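Participant: Chains as they are written, first to last, in the numbering used here: chain S, 1 to 98; chain H, 1 to 195; chain W, 1 to 997.
Don't take every hint at face value.
Claimed, not checked - Cross-link-like lysine to aspartate or glutamate pairs, in silico, DMTMM-like; alpha carbons within 20 angstroms at most:
| hint | chain 1 | residue 1 | chain 2 | residue 2 |
| --- | --- | --- | --- | --- |
| 1 | W | Lys960 | W | Asp866 |
| 2 | W | Lys274 | H | Glu188 |
| 3 | W | Lys607 | H | Glu3 |
Since the hints were made in silico from the structure, they are not lab data.
Values in this document were obtained by computation on a predicted structure and should not be read as measured data.
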Amino acid sequence: MLITCPYCGPRDVIEFTYQGDGNRERPDPASQNFEAWNAYVYDRLNPAGDHNEIWQHSGGCRAHLRVVRNTLTHEISSVAFVRGDHTSIARRKAEGKS
Amino acid sequence: MVERQSPLEPEFHVGSHGNFEHGVEIILTETRPGSIVQLAAWPGEEKALISAIRTVTGLALPDGAGGGLSDGVKSVFGFAPGKFTVADEAEGLAAAFAKVVTPAIGTVTDLSHGRTAIRIAGPKAEWVLAKFFAIDFALPAFPVGAGRSTTHHDVFAQIQRTGADQFDIYVFRSFARSFWKALCHASEEVGYEVQ
Amino acid sequence: MSPRRTDTGGRIDRLKTIRFTFDGVAYTGHAGDTLASALLAKGVTLFGRSFKYHRPRGLLTAGVEEPNALVTVLKGEVREPNIPATMVEIHDGLVAISQNRFPSLAWDINAVNQLGGKLLSAGFYYKTFMGPVIGPLKGTRFWMVCEHFIRRAAGLGSAGSAKDPARYERMNAFCDVLVVGSGPAGLMATKAAADQGARVMLADLEPRFGGSANWSDETIDGAPASDWARRTVAQLEGRDNVRLLPRTTVWGYYDNNTLAALERVTDHKEQPGKGEPRHRYWAIRANSVVLATGAFERPLVFPGNDRPGVMLAHAAERYANEFGVLPGERIALFTNNDSAYRTAVALKKAGAAIVAIADVRTELSAEMRKLAEEVEAEILAGHAVVATEGGKALSGLKLQRFDMANGTLTGDARSIHADCLLISGGWSPTIHLASQAGAKAEWNAARQAFLPPKPTQKWIGAGAFTGSFSTAEAIAEGRAAGLAAAGGTGTPTALPIVEAVPGDPDPAPVFEIRAKGKSFVDFQHDVTAEDVRLAHREGFVSVEHLKRYTTLGMATDQGKSSNIPGLAIMAEALGKPIPEVGTTRFRPPFAPVSIGSLAAERFGDLKPERLTPMHDWHVANGATMYSAGLWYRPMIYGHAGETVEQAYVREAKATRESAGIVDVSTLGKIAMQGPDAAAFLDRVYTNMFSTLAVGKARYGLMLREDGLAFDDGTTWRLGEQDFLMTTTTANAGKVMQHLEYFLDVIWPELKVHVTSVTDEWAGAAIGGPKARQILASCVTGTAVDNATLPFMGIVRGEIADVPVMICRLSFSGEMAFEVYSGAGHGTHVWEALIEAGKPHGLVTYGLEALGTMRIEKGHVTGAEIDGRTTARDLHLDWMLSKKKPFIGSAMMDREGLIASDRLELVGVIALDNRPLNGGAHIVEEIDEANPHGSIGHITACCYSPALGKHIALALVKGGKARRGTRAHVSDPLRNRFGPVEIVSNHFFDPEGTRMHG
């Protein structure tokens with residue numbers, strides 16, 4: 001599998017580290033909402049199809065990437081720097097992109 | 001000034017090795033720059049940092065990811081968004097940058113001891129490097145001056161192409177001897193010379 | 001001795017004689033021969049014994065799909081089993097032996113298995129090893145004894161145990177177009193793509209490019225096809241943009257057009273060149289792929305179809321035309337399609353007599369009749385072979401009238417004398433790679449074959465692979481594929497003109513002749529047509545189950561020859577058409593792959609390792625090195641005659657009495673720079689860092705998001721916006737990723753840069769009552785007294801003209817300092833410290849003494865921060881700030897994490913004065929016979945010179961409340977039981993008076 005890092009170009013998956021479900025939203029650090037924390041730490045989507053994932057190019061530029069990968073075909077439809085991603089998760093959800 | 005010890009020393013054997021009877025196709029050496037620094041810009045400050053690099057080194061970085069250049073004495077290349085590696089034959093680069101890279105622009109990290117620079121040159125340089133790294137070393141894909149960040153197993157490497165058939169590889173010092181041994185081993189089939 | 005070498009023809013070099021041995025017998029062959037062709041030329045017909053029944057087997061094929069002639073090649077002490085003799089290129093000194101026979105190939109004792117054939121039918125193991133047996137040897141235990149003998153009798157070659165000294169390498173390659181297969185289609189594709197300027201790679205598993213052009217009797221552009229192929233290859237060889245890989249099997253097709261290939265670089269050489277690898281594993285990333293992998297000819301299934309002398313038709317053509325070897329003198333053919341007629345023509349031309357052509361079809365085309373007449377063969381249309389005769393070689397066969405419509409045999413059997421029977425059951429495109437790439441094959445009724453699916457990845461098929469079996473089609477498709485793969489359009493020029501024997505590519509739908517006797521479907525695994533039907537009768541209806549139950553198409557064969565006949569017989573048994581039964585998905589590898597090539601340069605001495613700046617000093621000064629992850633660290637600096645325990649006790653004792661020095665360069669070090677660094681640290685650590693003064697260090701604890709302890713270490717404030725974080729050696733990488741994740745993903749607004757500077761600094765920790773004196777005697781530029789350098793203070797100075805940074809902190813519990821210098825100056829500073837320490841009795845100490853002193857102090861490491869413990873479990877709750885949220889703060893107070901019966905850190909003292917073991921359990925009551933009732937376990941242990949006792953740290957249920965009570969250690973694995981006292985984890989100097997001085 002290859003992931004096209006926006007900085008380094010297409011690289012073998014061996015250079016990347018999976019850093020989890022990209023749909024999680026971390027509660028406010030001071031939040032005492034235990035349900036929200038529990039969901040953030042433990043709840044994961046497991047879709048058969050497009051999945052919004054975080055990958056780190058740990059064997060390259062070390063940037064974190066937001067990768068949309070089809071879990072059935074491994075087809076990657078988009079890759080972007082997490083840092084440059086100004087759309088909030090909530091908004092992406094509203095737009096049905098996640 | 002106390003000389004720095006090379007991590008390669010016991011495994012650094014000057015001369016021709018391997019299948020060299022027909023001539024060597026690889027030249028390996030340690031470039032031992034006096035300074036290696038890492039520069040990192042805050043978002044939006046990349047241009048200011050690039051101009052600081054020009055002020056200190058006289059090198060004008062080209063645009064684009066992984067862009068870089070070398071004048072044979074000083075080298076610079078991008079290895080990550082907003083991040084650059086600069087090397088100089090002379091010492092004192094970190095101090096020089098500390099004067100121009102203000103806290104508003106970014107940070108300067110001295111890695112002069114922490115990284116070891118190994119140069120591989122010769123007609124078979126691309127061939128030997130392809131044994132280690134899953135990146136495309138062909139000239140159109142990896143132009144002269146450009147930099148790349150990649151890994152060989154656990155060995156993280158920054159590679160700058162400093163000639164049509166010459167590459168400078170920056171590895172963590174602790175891994176340097178192990179990587180050097182592997183590089184020599186991989187060069188045996190084409191014959192190599194350590195200089 | 002009927003097979004023989006022809007006087008002329010073939011691509012072998014008759015002037016070059018090669019000497020080799022097979023089963024200890026010396027043979028000669030010629031350059032260009034395979035082991036198969038060379039032995040066949042010498043009249044060898046018996047190549048191996050079959051898997052279960054030990055039936056004699058000869059060559060069925062001439063290529064990679066060979067199921068019978070598997071041999072073991074010996075190179076020195078190293079043996080490589082199960083290589084098809086058809087894929088072994090002979091060289092001087094080659095030593096090969098046959099397999100699965102005892103005592104010899106010709107006289108095999110286990111051949112009696114044939115008589116009890118029913119016993120070894122499908123599912124033999126499943127059925128046999130489950131049944132209860134009455135008597136003392138009841139149940140599976142008895143069968144486990146038998147299995148040993150049965151497994152010995154049934155099998156392939158045995159693997160060796162000698163260390164393989166060969167070199168293996170991995171190569172990474174990138175190209176625009178990868179062409180797999182170098183027949184006319186592959187060569188045309190390569191040329192077309194290369195003409196477009198694309199970077200092209202061409203791989204073929206054979207040593208010689210050309211594929212069928214090497215053995216077909218066809219002409220291309222007026223010249224023999226083999227000449228055309230040679231010319232085309234010569235043109236490609238000279239081009240910079242083409243890489244040619246002969247002897248290279250593309251065995252895996254993975255996501256994003258990543259393909260795996262194995263190049264056999266030196267297997268065909270007597271001696272590899274200096275530094276030359278035996279195998280190269282190519283990882284190829286191709287923009288597009290041209291699959292021109294051709295097709296496999298299928299055997300027909302009939303009784304005795306496995307007798308030596310029965311061979312696939314095209315294989316005989318290859319032996320005759322490519323190697324100049326006739327597989328027989330009186331040859332009969334048995335076919336369901338036209339391609340065998342071409343074979344007859346070729347063999348006749350090479351000098352064999354064609355005695356008969358039996359064809360299951362009654363209606364034959366005029367063209368085929370004409371060809372049969374040309375070769376002076378008797379045509380037996382509407383006939384089938386029902387038996388073969390002979391022992392270790394074929395002597396004759398029996399035929400009967402055959403009705404294709406219903407499969408019935410009628411009339412008297414007729415005998416024909418022949419020493420070779422060539423069979424053709426039609427052709428199956430070699431779609432393995434396309435299948436691996438992800439899509440399902442499609443059944444084509446006309447071709448009676450599965451054709452490649454629509455691509456789900458970027459590949460284009462060409463030639464026989466697509467079901468286009470003629471060379472003219474292959475050439476046209478190959479060029480089109482190469483052009484398209486390179487993204488070119490190209491002006492259509494004239495294609496090379498092919499002259500070939502005509503023929504209909506579609507076979508008759510006949511796969512099996514049902515008559516009395518064993519009819520083999522899978523030659524390699526001895527699976528018969530009856531086994532397939534038995535599996536059906538026993539309820540196996542899915543093709544995937546069928547495969548596993550009968551072992552059809554498993555092992556090295558992977559269904560190359562057996563797939564379609566097996567499916568056809570299954571489909572017939574089910575009463576379903578073949579496409580409804582479906583086919584199994586092909587998986588990598590296409591052909592066996594050496595494990596060495598996968599391990600490649602990560603193996604042995606080339607394994608990456610990390611060395612500290614003072615590594616060579618340690619080794620030169622008697623250190624026993626110990627691998628800790630990738631790092632190498634001194635374990636002890638032993639004196640002559642000392643045991644490990646004596647050495648570490650001496651080192652620890654001397655440190656507490658005077659001073660000791662240890663290399664701590666492996667600690668993870670992260671530069672944390674930027675205006676928000678302090679704020680970030682407050683979020684990362686459980687305790688406060690923004691209040692830390694410049695020039696001071698603080699011990700910090702990190703939790704994971706789920707509230708469990710993650711890592712600990714000290715962080716030094718070097719400047720207002722400049723921190724140096726240290727981590728444990730083992731967690732350095734993980735902590736770095738943790739920090740990067742939060743900075744990139746969670747808090748991108750924080751202006752902080754993190755950089756690994758582990759390798760920038762050499763670290764030496766010097767501790768003990770004399771440590772300060774020693775430092776004071778060698779440090780210049782700063783004082784190191786209590787006022788200048790208080791506990792957790794940092795100063796900069798010089799040692800032996802080298803700049804150093806000194807932080808006063810302690811892991812040993814002594815007055816101690818960590819001295820950091822540039823890594824390139826590490827040994828220089830270390831030696832200066834050693835020199836300065838000489839008058840004060842300074843010793844070097846290793847990991848064992850380090851561990852001993854930390855156990856005495858009750859400090860935690862990865863053994864206690866094991867991913868299951870909380871800060872409270874480790875009595876570090878004093879570090880949990882209540883003034884701020886931090887990573888893990890929201891989750892750390894969950895019910896289960898604050899329960900009173902959690903495992904908590906305690907100290908343990910052996911009351912019987914015997915050593916304790918890590919991992920041993922702590923119990924309330926000893927029960928040696930039936931160990932149970934664990935209340936915890938030991939995480940670290942040592943002999944404590946400070947206490948004069950065997951002590952340990954342990955995690956024990958409700959540990960704190962148990963202090964002062966007795967328990968027992970229960971270690972049934974090492975038979976260590978005995979009483980212990982549970983105490984505080986702070987064994988030694990709990991007030992810390994020594995380190996505070």
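Participant: Take the hints in turn and mark each one as holding or not.
Facilitator: So, going through the hints one by one against the coordinates:
1. This hinted pair checks out: lysine 960(W) and aspartate 866(W) have alpha carbons roughly 19 angstroms apart, not beyond 20 angstroms.
2. Restraint check for lysine 274(W) and glutamate 188(H): the C-alpha separation of about 7 angstroms stays at or below 20 angstroms, so the hint holds.
3. For the suggested pair lysine 607(W) and glutamate 3(H), the alpha carbons sit about 30 angstroms apart, so the restraint of at most 20 angstroms is broken.
The earlier numbered hint that this structure contradicts is number 3, and it is the only one.
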